[in-house]
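Using the sequences plus the hints, can you model the full thing?
Using this note's numbering, the first residue of the sequence shown is number 229, and each one after it goes up by one.
Honestly, the hints are just simulated from the structure, not real lab data.
Fair warning: there could be bad hints in the mix.
To be verified - Distance windows between CB atoms, simulated:
1. 275 / 231: 15 to 23 Å
2. 364 / 293: 47 to 55 Å
3. 355 / 335: 18 to 26 Å
4. 299 / 333: 33 to 41 Å
5. 345 / 300: 44 to 52 Å
6. 282 / 307: 45 to 53 Å
7. 321 / 363: 32 to 40 Å
8. 307 / 332: 51 to 59 Å
9. 342 / 245: 47 to 55 Å
10. 334 / 252: 38 to 46 Å
11. 321 / 280: 52 to 60 Å
12. 276 / 251: 22 to 30 Å
13. 245 / 313: 16 to 24 Å
14. 234 / 352: 50 to 58 Å
In this text the structure is predicted, and so the values were computed from the model without any measurement.
Ideal Cβ positions, reconstructed from N, Cα and C, are used throughout, including at glycine.
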Amino acid sequence: MPGMIRIAPGISIDERRIEERFLRAAGPGGQNVNKVATAVQLRFDVARSDLPDQVRRRLGRLAGRRLTCEGVLIIDAQRHRTQARNRQDALDRLIELVRRASVAPRVRRKTRPPAAARERRLQTKKRRAGLKRLRGGATED
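Structural data, given as structure tokens:
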């Protein structure tokens, strides 16, 4: 499909859903820093995207403060001196964030420590307690 960014099997982002704004960047840029808008603010509407529900929820948690109340993800990129490199950087960061959100966390299964491990732990505690008991100074009667 033209205009689709493939993230993972069954998960893609429509490029038309990504909005870019160009701002003047702080930091390196020489004489151009106050004249050329090289910084990029990428906006992606997570709430209205066609991502699966669970991916959308995980993306919201991963985004943290970068997600607005309306469900718009904002990524600021101003690491580089050129607009093109900042655009690519912002897009790469969005793709990586969605890719991380697309991976479901592994389910934690409760396990019990083996009896031998419990026994070793108790023996170690007894040894330490004995050592500490021996450290007690002699008392005068």
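### Unsatisfied constraints (hint numbers, rising)
3, 4, 6, 7, 8, 11
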